[in-house]
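Peer 1: Please take these sequences and the hints and turn them into a complete structure.
Protein chains in written order, with the UniProt record's numbering: chain A, 1 to 402; chain B, 1 to 402; chain C, 1 to 402; chain D, 1 to 402.
Each hint can be trusted.
Under 10 Å between C-beta atoms, here's a sample of chain C residues computed to sit facing chain B:
{"#": "1", "residue": "208"}
{"#": "2", "residue": "280"}
{"#": "3", "residue": "290"}
{"#": "4", "residue": "350"}
{"#": "5", "residue": "384"}
If you want the ones that stay clear, here's a sample from chain C, every Cβ over 10 Å from chain B, calculated:
{"#": "6", "residue": "9"}
{"#": "7", "residue": "169"}
{"#": "8", "residue": "271"}
Calculated pairs, PhoX-like style, for lysine-lysine (alpha carbon to alpha carbon, straight line, at most 25 Å):
{"#": "9", "chain 1": "D", "residue 1": "393", "chain 2": "A", "residue 2": "285"}
{"#": "10", "chain 1": "C", "residue 1": "400", "chain 2": "A", "residue 2": "400"}
{"#": "11", "chain 1": "C", "residue 1": "393", "chain 2": "D", "residue 2": "285"}
{"#": "12", "chain 1": "D", "residue 1": "400", "chain 2": "C", "residue 2": "285"}
{"#": "13", "chain 1": "B", "residue 1": "41", "chain 2": "B", "residue 2": "118"}
{"#": "14", "chain 1": "B", "residue 1": "285", "chain 2": "C", "residue 2": "400"}
{"#": "15", "chain 1": "B", "residue 1": "393", "chain 2": "C", "residue 2": "285"}
{"#": "16", "chain 1": "A", "residue 1": "393", "chain 2": "B", "residue 2": "285"}
By construction, these hints were calculated from the structure, which means they are not laboratory data. Here a beta-carbon is modelled for each residue, glycine too, at the ideal position from N, C-alpha and C.
There are 4 protein chains.
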Amino acid sequence: MTYNLPDHLLALKQQIGEFVAQEIIPGELELLEMPFNEAAKVLAQKRAIAKSKGLFAPHLPKTHGGLGLSLFEFAFISEILATTPFGHYVLNCQAPDIGNMELMMRYASEDIKNTFLKPLMAGEIRSCFSMTEPSFAGSNPIRMGTTAIIEGDEIVINGHKWFTTAADGASFAIVMAITAPEASAYQRASMILVPATTPGFNLKRNISIMGEAGEGYHSHAEIIYENCKVPLANLIGELGSGFKLAQERLGPGRIHHCMRWIGICERAFDMMCHRAATRALSEDKRLGHQQTIQNWIAESRVEIDASRMMVLAAAEKIDRFGAKEAKNEISGIKFYVAGVLMRVLDRALQTHGALGMTDDLLLSFWYRHERGARIYDGPDEVHKSALARSILKGYGLEVKPG
Amino acid sequence: MTYNLPDHLLALKQQIGEFVAQEIIPGELELLEMPFNEAAKVLAQKRAIAKSKGLFAPHLPKTHGGLGLSLFEFAFISEILATTPFGHYVLNCQAPDIGNMELMMRYASEDIKNTFLKPLMAGEIRSCFSMTEPSFAGSNPIRMGTTAIIEGDEIVINGHKWFTTAADGASFAIVMAITAPEASAYQRASMILVPATTPGFNLKRNISIMGEAGEGYHSHAEIIYENCKVPLANLIGELGSGFKLAQERLGPGRIHHCMRWIGICERAFDMMCHRAATRALSEDKRLGHQQTIQNWIAESRVEIDASRMMVLAAAEKIDRFGAKEAKNEISGIKFYVAGVLMRVLDRALQTHGALGMTDDLLLSFWYRHERGARIYDGPDEVHKSALARSILKGYGLEVKPG
Amino acid sequence: MTYNLPDHLLALKQQIGEFVAQEIIPGELELLEMPFNEAAKVLAQKRAIAKSKGLFAPHLPKTHGGLGLSLFEFAFISEILATTPFGHYVLNCQAPDIGNMELMMRYASEDIKNTFLKPLMAGEIRSCFSMTEPSFAGSNPIRMGTTAIIEGDEIVINGHKWFTTAADGASFAIVMAITAPEASAYQRASMILVPATTPGFNLKRNISIMGEAGEGYHSHAEIIYENCKVPLANLIGELGSGFKLAQERLGPGRIHHCMRWIGICERAFDMMCHRAATRALSEDKRLGHQQTIQNWIAESRVEIDASRMMVLAAAEKIDRFGAKEAKNEISGIKFYVAGVLMRVLDRALQTHGALGMTDDLLLSFWYRHERGARIYDGPDEVHKSALARSILKGYGLEVKPG
Amino acid sequence: MTYNLPDHLLALKQQIGEFVAQEIIPGELELLEMPFNEAAKVLAQKRAIAKSKGLFAPHLPKTHGGLGLSLFEFAFISEILATTPFGHYVLNCQAPDIGNMELMMRYASEDIKNTFLKPLMAGEIRSCFSMTEPSFAGSNPIRMGTTAIIEGDEIVINGHKWFTTAADGASFAIVMAITAPEASAYQRASMILVPATTPGFNLKRNISIMGEAGEGYHSHAEIIYENCKVPLANLIGELGSGFKLAQERLGPGRIHHCMRWIGICERAFDMMCHRAATRALSEDKRLGHQQTIQNWIAESRVEIDASRMMVLAAAEKIDRFGAKEAKNEISGIKFYVAGVLMRVLDRALQTHGALGMTDDLLLSFWYRHERGARIYDGPDEVHKSALARSILKGYGLEVKPG
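Peer 2: In structure tokens, the structure reads:
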């Protein structure tokens, strides 16, 4: 599709592409190998360079120091950033911070904005989002065991969360908790900002995932909230609006993942083609002469192109009508693009043979950690079912979720 | 994607949709059951109605009595027409005639245009395209056994063709034959118009395909050309330009198929959803409550959407830069959309259970005859390989075709 | 697996193989093209030859004129017969007659046996089995609209059946009908033998399936039972035992299908390999040099072998412990082997290109009609669910069917 | 299939099952987390227990302190051992040592046997096998850069190997090297035993694979052989017999993998079913009530059963006729069972949601490291092609490898 992109975006794409190629890709494997807190020092330098070049925080409004891109425009940038593991981080548009920024811009009080959002936008602190619980199927923001009880002008949180991405080293968490157990399903929960220094915010462990517990930004924590008290003013949005806010946060969150996956796919595709063109099977035969490899290349090319078109279409719809109107498109790309990602990574890995299993390349990192793409923010099965339910409604059939 | 279609196209879509719903769909199963030559009488009436409503020949320039649509615009119309088996026929934009019209508009002599193209465009006669041969792998317009030898101002054709779609009852064939066996591969063949009344044009049989030999427009002939003489003036284009013309014809031909497949997919999808919403498994359970059916609906929805976006993108590219520039996109959609078509038809059929096997619905017709989608105009394997070769060239690897 | 087959079985395999190769395969395509009632005359001669060679009715006990094979032994023979469309018919072990014979041997009265079973076993008459109804999801012998009301010593049947295979020309039907609507689910129905000449046995039409209504043995009828009276003595088994008998009939029925599918797979595989080895792509390149074709051959070989091993294992279990004990194995092979059949036929067809679409080969016949394999006698989805329910029971979870 | 196993094997299966359940499974996750050299101490105790119970080295002849099982018999034991990561190690039948033992029993000199094989069989030392090279596509034991030149009664090895599994801490390597570069392809290479203490045996690194470099038995080394001299007497088999020996080693090696994969599949299947039966989606709904999960359970069950039957059939054939005769069966199970393993692990992981990504379960370990199953000892593509070539030969077509 010819998208007739405006000149400023074309120029930005070029700049970001060069920045990524010069500043991030060359050291990406070394950075991945380091403990994150060590890598963070190098990354801080890269952020400074990005700022100096006017590339920082492309997703933020210009009034907040960003580049003021629409979601549609950001998709083109996000894809480029995703071709290397630290691309988004360097430009401070990484999950979960990007989602927290969007949420806080809209719903946080001025005090909270000044104290927490401003340094977050500047890349001076990090944050996390604490929703998923081990005892409840994660795809449902209604069923939840964590409670938040109002006591005077304080709110007291108790509960058990996990997969709180990047909690280790974060300055604060936005916690989802039940504030009104008797209310109707969609008005039970609220979101509350909890500084990580609050007594009772107990980071139990960084969960070891696919062989790595990680640390800092590269980690996923299990957290016990134990009589964790914060001022009532730390509520994000109104009391009882947690579900609504979660939906608002998750819609764009899902498309952000999809944008990222397309960038990963392109990088893996490039590696696969390069390998196919150069790996010798014999004097005059390269891997790319094998028809099976050709099949993988052709299928991957088309599936990635299809993914991009659908993600851009969904982004444009969100820009114009909001995430709620685009919920079918979001469900669709969430499982479709995740599936393409799995297949492209798998083919690229297989094309590299034993080398593909090693950490001498990026593929094994993505193969491991991006397996979660089919799970987090709603597993494939939930999104397929949601999309089908919405379609079947148009045919007169009501299907209850899950 | 929001395509910002011009008003005239939106209006036309609506008109064509209504026309198809009112005039064609209601009798479609009966028409399919009739021998074609009987159905043709009913279809002639429908064509008259289409003409009277100004809907006839949407693909032709206005100067030739058509609606003057670009390929991109035509895609939206073609999809609607394809939701019923005779849609394209009624508007006289059916293959293989549409391809012959395009070819003859560009390359036929004025005489030929007056004698053959004019009545073809008016829907007064039909035509066919005679390329494929039983002894040669069909995807290659270079290897071919049919010869055409110039004798004075005549040309004498000998050869054995098959899968000449709609030859039965056609007024003429455009025949691909070797005119210069010693020339370089791409300059050996020429295209020649052969009236069906020419002695030596021997229609041996309508090949029985998937249980039906059919007749008239709904048939695929085996033809023996035996000392079949036509005037040298019947050449379409220059001597030796057969391969080039075939490429020009096949590119758009392939995207025409893809457009059609999307329409079939939408109809099958609609049937599947309707069945899911209404078929009772028990008092209070419908087929659509089953998660497997939901998976099929969701996957189909996304795959059809992806197909449409890619077909429209390819159509736009052809409109702007020509079919040659879009050859990768054409190869990509040819196998991708064919695959989607197979899966969507298969799921729709399975959703209908035993009923899906019967001819009480359209599904079994498409299930049988559209299996060819993965074969005709180049099998999947050839298009995948072509796309991969083109990509690998960019990585410095030359791969010889097939 | 080395099965250490007894000598008599090895000899029989060889004899049947030769008989099929000499007597049936050479004319198979012609027979398929003929209307069945014409083909029946040729087939009657073949049956006579089979009888004279002592090959008739391999599935029947020796005391009933058969060869006395166990189910395990029959599997080897059935596979050979299935390599050609009329193999089973010629040896009188075709569905649905084979199932009716098994059922009647066990449960019919002596009178019924003398009048109906004897000539059926001798191949003098044909029969059918009337269970499926258009208004009810077909996989469930509990929900059903056909009623059979006892009036004195008669029983009066009213109902609407379809997909009654081979009803056209059959001498009798075994009809499944509700005799006790108030009874518990599994005791509502009974089986009743209805001679086709009975008033009220109205064969409405042979349903057109995949383009062919067929006739005689090659047809599937829609039947209206309208005050159709037969003697009470025509009950097969006891009143209310219909569900139990259906289960007994369906278990072996399903494995009979699987045995057949393996034979079809082997024939299609042979055609695919032959084509791959002989079809020229260029002077010195055959289709079989293409890696994609090699993939198909290798995958098909392994999947067919896996299918055979599992079918034999299930047959042995049925022989030893009865069909009920082997219900998980039967569910497993029903969907697995049906899936293998689809894939092998699809690959074989694609390997033949356009020729695969024609009726010049057997493939298109199987492609069309064996699509039903994933539907009849319980669709894939039902068998997968049944198997999973049975497994999950062992983990303490009860799941209700459907 | 009823395999009519002899009583001694049934008893052994039971004993091994209990041993694994009591001694290995309870601590398996802790052992996996430890550095291997620490785990080795615990494992040594387990080995002592296994010896005391007469379960050690089931694959070895009784004369060598083993249980004297045939390959067919060993398959049943190997499957049980494979349900936990250290099962084979504890019984000293782990790759690559098991392959080296088999090879050395047949081809090593008495001296070598006394010095190296004896302690290897007793579990006192470990070994490795050094074949794969980074510069050559690994599936081909003909193309290779490592050379071994005879100098007097010594042999001098130079070359670059990688993926030498378990080299770290091994007492010796069996190295494949070119000894006769001018000889015909299959007589160029030889196998040579190189003690790890030999100067010039330079273990460059343990390659980081899927996030873990590991150590000791759990590692895969890159090794530079630099003027590495060993006595000529260290040749295993004759000079130039390397290729032949590699084939002998790889055939059984591949089936050993397949046996192992079946055990992994069974464990993952058990975890999936357990999760499905217990994970709550709501008050009265468990994950196992979802039809998608049921599909996965049913499909996995059948595919695992098919895998086992084919592996047992191949094992029996090897026992009776040797690995060479069973090469088609071995190629078939190599890619088929590897594919089943991928699918079963993927479904089990997805069934566990986010938990499946963590190292709180075994699934993520297998998901990462068993991805290699489709690569090592010949990637899928090579085995499919090999099987197809062998089949096509029977149809008269010669296809050259790769």
